[in-house]
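Top to bottom, those sequences are chains A and B. Numbering-wise, the first sequence is residues 1 to 229 according to the numbering used here. Numbering-wise, the second sequence is residues 1 to 419 according to the numbering used here.
Hints are supplied without guarantee of correctness; some may be wrong.
[What the hints assert, rightly or not] What follows is a set of in silico ranges between Cβ atoms, one per label pair, in the way DEER data are often shown:
(1) F17(A) to F390(B): 42 to 52 Å
(2) D139(A) to I172(B): 37 to 47 Å
(3) T50(A) to L313(B): 36 to 46 Å
(4) L21(A) to E124(B): 51 to 61 Å
(5) K12(A) to F353(B): 47 to 57 Å
(6) F29(A) to F390(B): 29 to 39 Å
(7) T322(B) to K37(A): 43 to 53 Å
(8) P221(B) to D139(A): 56 to 66 Å
(9) T50(A) to Y296(B): 55 to 65 Å
I should point out that these hints are in silico values taken from the structure, not numbers from a laboratory. Ideal placement from N, C-alpha and C gives every residue a C-beta, glycine not left out.
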Amino acid sequence: MPDKEKKLDWKKHILIFFITLLIFGSGFFLSNFFFEKRIVQIRDLQQDLTIDILSLETQFSLLTQIPCEKLKEVDLTQQLSDVSQKLTSIGHGLGQKNPDFLRFKKYYSILEIRYWLLLEKAAKECDSDLVSIIYFYADEKECLECENQSYVLSYFREKYPFLRIYSFDYDLSLSVVQALKSIYSLKKDLPITIINDKVYYGFKGKNALEEILLKLTATTTAATTKIKK
Amino acid sequence: MAIIEILTYFTIFIGLYFIIFLFTVYLENQKKIYKGAKKKNFPLVCLIVPCWNEAKNIKKTIRSLLNLNYPKNKLEIIVVDDGSVDKTFQKVKDFQKSAASDSNIKIFRQKHEGKYAALNLGLENTKAKFVGSVDADSYLDTNALEKVMKHFENPKISAVASTVKLSEAKSILAGILYVEYLMAAFWRKIFSFLNGLYITPGAFSVYRRKIFKILGLYRDPYHLLAEDLEIAFRLQKKNFKIAYAIDAFVYTKSPITIKSLFKQRLRWYKGFLLTLKDYLVLLNFKKHGNLSFLLYFALVSLFIPIILVSYNLWKIIELTFTRINQLVLTGFDFSHFFSIDWRLLSFNFTPIFILGNFCLIVFLIYLYISKKLTFDKKPLKKNALYFILFYVYLSALWWLAAIFSVLKRQTLCLIKKKN
Chain A
1 MPDKEKKLDW
11 KKHILIFFIT
21 LLIFGSGFFL
31 SNFFFEKRIV
41 QIRDLQQDLT
51 IDILSLETQF
61 SLLTQIPCEK
71 LKEVDLTQQL
81 SDVSQKLTSI
91 GHGLGQKNPD
101 FLRFKKYYSI
111 LEIRYWLLLE
121 KAAKECDSDL
131 VSIIYFYADE
141 KECLECENQS
151 YVLSYFREKY
161 PFLRIYSFDY
171 DLSLSVVQAL
181 KSIYSLKKDL
191 PITIINDKVY
201 YGFKGKNALE
211 EILLKLTATT
221 TAATTKIKK
Chain B
1 MAIIEILTYF
11 TIFIGLYFII
21 FLFTVYLENQ
31 KKIYKGAKKK
41 NFPLVCLIVP
51 CWNEAKNIKK
61 TIRSLLNLNY
71 PKNKLEIIVV
81 DDGSVDKTFQ
91 KVKDFQKSAA
101 SDSNIKIFRQ
111 KHEGKYAALN
121 LGLENTKAKF
131 VGSVDADSYL
141 DTNALEKVMK
151 HFENPKISAV
161 ASTVKLSEAK
171 SILAGILYVE
181 YLMAAFWRKI
191 FSFLNGLYIT
201 PGAFSVYRRK
211 IFKILGLYRD
221 PYHLLAEDLE
231 IAFRLQKKNF
241 KIAYAIDAFV
251 YTKSPITIKS
261 LFKQRLRWYK
271 GFLLTLKDYL
281 VLLNFKKHGN
291 LSFLLYFALV
301 SLFIPIILVS
311 YNLWKIIELT
321 FTRINQLVLT
331 GFDFSHFFSI
341 DWRLLSFNFT
351 PIFILGNFCL
361 IVFLIYLYIS
371 KKLTFDKKPL
381 KKNALYFILF
391 YVYLSALWWL
401 AAIFSVLKRQ
411 TLCLIKKKN
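Chain B with its partners taken away, still in its complex shape (with noise of 0.2 Å):
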């Protein structure tokens, strides 16, 4: 058995291990999905925009925020122009003049010193008990607030995450991101079940104020927009309590191009790298238990995809070269390379053809299951044959080159200290 195969099996036993256990974590806490009862009290929530050269979405997002369905006087909108050098302040204050009088929109404009510092003025601009980040290229359903807000009422709860949907896929590639944003919602509450959840979106995530009082300001120390992933981290350290409100929807735009995306992702994945070797604690089993084994998931889960395209790639490569051989050895006689005897072609029903069309029913039960948990109406068949062919390769290529910049990255540190 060639290495690639070993690795190939490997690879599904970890990732049966993996699913298995998220299902038999929601079929413990199916009845604990969604926080019942209808909200009573409306405590003070202040939501910081940070935008940079958004005048394009900035207004649908301030739209959105004031249509929430929250007593307006208990709605704070600071929107901080982190520098644009577009018309995003100009519209802003526009906007700010037309809006209802009632409307409580603050707006604050500074030099460009990245996402982090402007969630950070607004957050010092406040005296709110709540408060929480929106992008500005996102906008917020309706009662996405109040969903949210449920959950403080736990007073243990330190910080809510919320699920993050594509607003439209009409490409392919927003078609295997619409699917992926989808499936993430319901992990992510699993993950929250476990105490486990390691991120708060940026898209909007709401926290308690006094934690930034304990626990510092944001901060982005690689610049690379991980300050949603970092504050996180920080709560879990602590072991401060994210709870997840899967009902709670944000929309954002997906990046359109391959470029656009593969560019997203690798700042994702290099923060998250970066940002975990700064939190190595949240490693540790003993202190960090469930957070601890998702984290090392995480961490395999990176190989994955590599490993499986690889043996993709083996396969398609092996058949490519036997192929033209057969050519080359008939003198380029098409007639018999096409002949193919019916009668004798049989699939070849190897332990990873069906342990890996096993994980392919499992993932469209777990598909199912996010569709319903989300609401979500759009359908999804042609989105999830696309995911299924394509998302594989996609992934492996952005943690091969988040895992690359890295090590890079590392080994010139290292240079540097050496010198």
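In isolation and in its complexed conformation, chain A is listed as follows (with noise of 0.2 Å):
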């Protein structure tokens, strides 16, 4: 028999364990609470988004021609950018395969592609020097070199500011992107670049990506010069 004092209160030990317990899973209660509140505030970022693109497609059928000074005035990149940053985020937070998270990926890939489409009609009618670039990839698991091919391309978009580009999630299933990848008639082998309508297959360096921009801009001579410098 233990020592009277030195006796276990069992009672009380089940009574710290659910306090434990208690304080153990608020945490994972706040940790959800902030993770809603990022949810709240991509989708007023893509609310925002939405309402941008929407008045710029009212703006150009409205008017007979298209407004190329109005084209150059709003840039909607970096909004789609920043919308496509937090995305990454929650979507480490959330899991891939969350189904509020594709939710978001499906709606920013809609708006991507109505973004580009925009910008290739507005790029014929005004002569501008802007490149597409059209990125296919996927999750780790198929895709290895996928999350070098995306740093070197935010590397890029920050370096040449004459180009746009738009991400794809190669399995996310979205008609339009579907589509997309008929268009070009694309097979799985990723990472998929695709520059000025030509498909590259598999991963892109900083040098082979310069080279390519470098001969495809060859006939545009500011993006040729930025690209030298």
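Once you've looked at the hints, go ahead and assemble the two chains, each given alone in its own frame, into the complex.
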């Protein structure tokens, strides 16, 4: 028999176990709460972006010809990039297969395509020197080099402001993305970069990408000068 | 989720459980922290100071004993020179001659046999009802003995441990240890409320002499200077009560270098593991209840710093690898490497981050309570920061070393037995 004062108070230990469980659970609850806040933030950002794109589209429809000076004024690339980065961060927290995350991703992909189409249309009319890169990626299990390719592209986006990069999850079950894949008859050899309608399979490093851009933009003086610099 | 993350959550849960448990015990016993009434009777106490090559410190130690607020005729000081090769013996002799005639200092000399043997020689040469051990590199607060002796008014108390503080905290290392010692005082007080104190620090502890007659003299089977731990385990095994005088201070020196600290801790923790192996009965819940719980926690907590450090290192290595890879990918273009978009910078409020911060807040509360309970006046902000930043790495290092060392020793013993 243990000494009276040494005797373990089981009731107390059970109570403490539940208190600990409660505090422990609160940690998870709070973490989830902050995540929800960030999801709301993304939703707001996406809504702002939708309004901006819609407004631009409407402006173009209203006017008989596309206002090129307006195009230079309004650049939604940064906003798209912001949403993309926040989405990536949310994806890490929620998990890539999370239905909420997938819904956001689909919506974001649609916005990207709409913005891309808009800019393509405008570029033709305004003789713009913008270069579009469509980039297909997949998660780490499917594509080991995709993370590296994403980083190189984000570096290019910052270094060359005339670049417009639109990234899509290859495996996203979204009809628009499927359509895009069939337009370019893509096979699953990731990462895939499509630069000015030309498809490139596999990882393209800094030097390789610069070489491609140099060749493609040889006719565009401004862009060529920027790359050479 | 990676295994290391699951282990980290487990560690946090165990840590949380323990700190909540300690806090409830503290709240229940808040009014019993100090022994209030002034002491009226003063029994004869013998303080034994074993020393080995302590010529530098011994005078200060003995002087602190002579300055104790305790009747001189009730205090006996026995200095045992454990075969020093420096001038320790001569210094004590000189001190003995120059000390006041009413001071009762005895000095003995033996060939170098170890601290436990020196203590035993002291024990054999006293008739005092109470005997205390004092480390030769430590010195006592003037009220320390009186505060300790108050606890013996309860006849059930067999031994009383005191609060060990660092005499100074000038370096970062000493600052970290200063905080550690302060926290230990609070924990030990709570352990004593549960009758689960399993150490009577060699720096300064007092015992009823009769317990040595019942239990036998000091032992140090592994030659790790763990006689203070061993005697406490032996006391607990026989259900003798150990009290803790949180307001009785003994000041000691901290190891100066990481190497000397590492050596000291390896000795302590190896001593703990090996001594516990000899007293496995203390882990029996049915026999030792709270003490078993505290010992089990001590065993589990060996892995807490190791897991936390592994998690941290994993994160640091992962981040470093990613960043180097990014540099390689951009041909070492640092312009993009350092560009941070502050608008998008947001913390990932993961459960580990939230719970880790909760534990940190609780630690600060505990530190504040410890400071208050031990009447500590030193500014602690800097030292607390050093403690938060580095302690977990240090403790992971010495616990790992102790575990490996014990496992190696056990394997060697097994091989010897087989042969």
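Results of checking the hints against the structure:
F17(A) and F390(B) have their C-beta atoms about 32 Å apart, which leaves the hinted 42 to 52 Å range violated. Roughly 44 Å separates the CB atoms of D139(A) and I172(B), a value that falls within the hinted 37 to 47 Å. Distance hint check: the CB atoms of T50(A) and L313(B) are about 44 Å apart, consistent with the given range 36 to 46 Å. Between L21(A) and E124(B) the CB atoms are about 54 Å apart, so this pair conforms to the stated range of 51 to 61 Å.
Taken as a hint, the range 47 to 57 Å is violated for the pair K12(A) and F353(B), whose Cβ atoms sit roughly 30 Å apart. Checked against the given bound of 29 to 39 Å, the beta carbons of F29(A) and F390(B), roughly 32 Å apart, stay inside it. The beta-carbon spacing between T322(B) and K37(A), approximately 26 Å, falls outside the hinted interval of 43 to 53 Å. With their beta carbons about 58 Å apart, P221(B) and D139(A) fall inside the hinted range of 56 to 66 Å.
For the hinted restraint 55 to 65 Å between T50(A) and Y296(B), the CB-CB distance of approximately 58 Å keeps it satisfied.
Comparing the model with each earlier hint shows violations of hints 1, 5, 7; every other hint is respected.
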